[in-house]
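Asks: Construct the entire structure; sequences and hints are all you get.
Each residue of the sequence shown is one higher than the last, beginning at 61 in my numbering.
Don't read these hints as lab results, they were simulated from the structure. Yeah, the Cβ is synthetic: ideal placement off N, Cα and C, and Gly gets one too. Hints are supplied without guarantee of correctness; some may be wrong.
Claimed, not checked - Restraint-style ranges between C-beta atoms, simulated for each label pair:
id, residue 1, residue 2, range
1, Arg225, Arg64, 45 to 55 Å
2, Ser80, Glu226, 38 to 48 Å
3, His245, Leu304, 31 to 41 Å
4, Gly337, Ala79, 21 to 31 Å
5, Gly264, Arg225, 17 to 27 Å
6, Arg361, Ala173, 36 to 46 Å
7, Pro244, Arg73, 37 to 47 Å
8, Gly176, Glu290, 34 to 44 Å
9, Ala65, Leu356, 41 to 51 Å
10, Ala223, Arg64, 50 to 60 Å
11, Ala65, Gly318, 42 to 52 Å
12, Arg64, Gly337, 33 to 43 Å
13, His233, His178, 17 to 27 Å
14, Arg281, Glu349, 28 to 38 Å
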Amino acid sequence: MPARAATPLDLRRVSALLASSLREPSGIMASALPVPLAAGAVSSWTRLLPGLVGLNGRLRVFLEEYRGQLRSSALVYDGSRPEWVVLILAALQQPGGADSAFRLLSGISGAAARAGMHRIFAAVPDEALARETFFQAGFYSYTRETWFVAARTAVMAPVPRLAAREATGRDAHDLYRFYAMTTPHAVQRAEQLSFSDFDLSRRGGAYDPPHLVGGNPLAMRRESALLEGEESRPRAFALSFSGLERHPHVCKVRTADGDVDLARDLLRATARGLPAGKPVTSPVRSYEEHVARALLAEGFREIATSMLFTKELAERVEERAFAPAVVR
Numbered sequence: 061m062p063a064r065a066a067t068p069l070d071l072r073r074v075s076a077l078l079a080s081s082l083r084e085p086s087g088i089m090a091s092a093l094p095v096p097l098a099a100g101a102v103s104s105w106t107r108l109l110p111g112l113v114g115l116n117g118r119l120r121v122f123l124e125e126y127r128g129q130l131r132s133s134a135l136v137y138d139g140s141r142p143e144w145v146v147l148i149l150a151a152l153q154q155p156g157g158a159d160s161a162f163r164l165l166s167g168i169s170g171a172a173a174r175a176g177m178h179r180i181f182a183a184v185p186d187e188a189l190a191r192e193t194f195f196q197a198g199f200y201s202y203t204r205e206t207w208f209v210a211a212r213t214a215v216m217a218p219v220p221r222l223a224a225r226e227a228t229g230r231d232a233h234d235l236y237r238f239y240a241m242t243t244p245h246a247v248q249r250a251e252q253l254s255f256s257d258f259d260l261s262r263r264g265g266a267y268d269p270p271h272l273v274g275g276n277p278l279a280m281r282r283e284s285a286l287l288e289g290e291e292s293r294p295r296a297f298a299l300s301f302s303g304l305e306r307h308p309h310v311c312k313v314r315t316a317d318g319d320v321d322l323a324r325d326l327l328r329a330t331a332r333g334l335p336a337g338k339p340v341t342s343p344v345r346s347y348e349e350h351v352a353r354a355l356l357a358e359g360f361r362e363i364a365t366s367m368l369f370t371k372e373l374a375e376r377v378e379e380r381a382f383a384p385a386v387v388r
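Replies: Here you go:
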């Protein structure tokens, strides 16, 4: 049977499959959070219900079944941009599970295209079966992302003389220019962000997963956005999100010129402002190795690595090229 959108009658089966996958993570084919923290990517049944009923919320639920047996299910986030993000995809841990995940991804792609979406994103565990399933479904990987975690924030030393300030919507152009300066072209091409996506006064955009940070946007609340540097010449920025329900806190730091000391200062400033009682996580991409050094120096430890995948549903039209002409 082809993949389809779930209904309220599927709530118990979908919840059971997700719960069993969290106990045995080998069934998780994609997760917006690293597999050890994947519970934070699963919404409670009260958040699942609007998606099952078919209301125009931000969460959609899909499943694939065979002869009445649920074999795979996915939670998909529909944000403010023309793209969907797979929050979690779980499949039965038995022969046919990966094949079901492939069919489910194909069904999700078709539904996204019909809804006018341009892209689908997913964070995939760095394991052969999961990677191959996404490759076969037409996705490609544009970078790797390693997550670091610290149990507490109180141990971080204060930062008495940090020149960073709280960013505002007026900083969108400078933030976008900093992003373009510090991000490989292949990643920029995959993410398709524009300067308007960096407007902090708007919801979503670059501040929704999977762009600057990963995680479940339905269970995160932005706490701070710090910008460091002279006007029109930013040197670094840092974001912090407090986790709701089972979601951990998330910090994201990026600096220019591989400045490890500045990364450490910004990390302290953002992490210390988060509520106590939850672990603090930070995603670091393959081109941000200096940030990883700063995290390790602050007592963070590496927890898991994912590959960021995307699938383009709309054909990109390149800009028209012009050649000089000789006018007689």
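Asks: Indicate, hint by hint, whether the structure satisfies it.
Replies: Results of checking the hints against the structure:
1. Taking 45 to 55 Å as the suggested C-beta distance range, the pair Arg225 and Arg64 conforms, at roughly 49 Å.
2. Remark: the range hint 38 to 48 Å for Ser80 to Glu226 is upheld by a beta-carbon distance near 43 Å.
3. For His245 and Leu304, the hinted distance range of 31 to 41 Å is satisfied, since their beta carbons lie about 35 Å from each other.
4. At about 24 Å, the beta-carbon gap between Gly337 and Ala79 stays in the expected band of 21 to 31 Å.
5. Checked against the hint of 17 to 27 Å, the pair Gly264 and Arg225 passes, with Cβ atoms roughly 23 Å apart.
6. A hinted range of 36 to 46 Å holds for the C-beta pair Arg361 and Ala173, which are about 40 Å apart.
7. Checked against the hint of 37 to 47 Å, the pair Pro244 and Arg73 passes, with Cβ atoms roughly 41 Å apart.
8. Gly176 and Glu290 have their C-beta atoms about 41 Å apart, which keeps the hinted 34 to 44 Å range intact.
9. Ala65 and Leu356 have their C-beta atoms about 43 Å apart, which keeps the hinted 41 to 51 Å range intact.
10. Distance hint for Ala223 and Arg64: a CB-CB separation of about 54 Å, consistent with the stated range 50 to 60 Å.
11. As the Cβ distance of Ala65 to Gly318 is approximately 46 Å, the hint placing it in 42 to 52 Å holds.
12. Taking the beta carbon of each, Arg64 and Gly337 are about 39 Å apart, inside 33 to 43 Å as hinted.
13. Range check, His233 to His178: about 23 Å between beta-carbon atoms, so the 17 to 27 Å window is met.
14. In this structure the hint that Arg281 and Glu349 lie 28 to 38 Å apart at CB holds, the actual value being about 29 Å.
Going down the numbered hints, you'll see the structure goes against none, and every one checks out.
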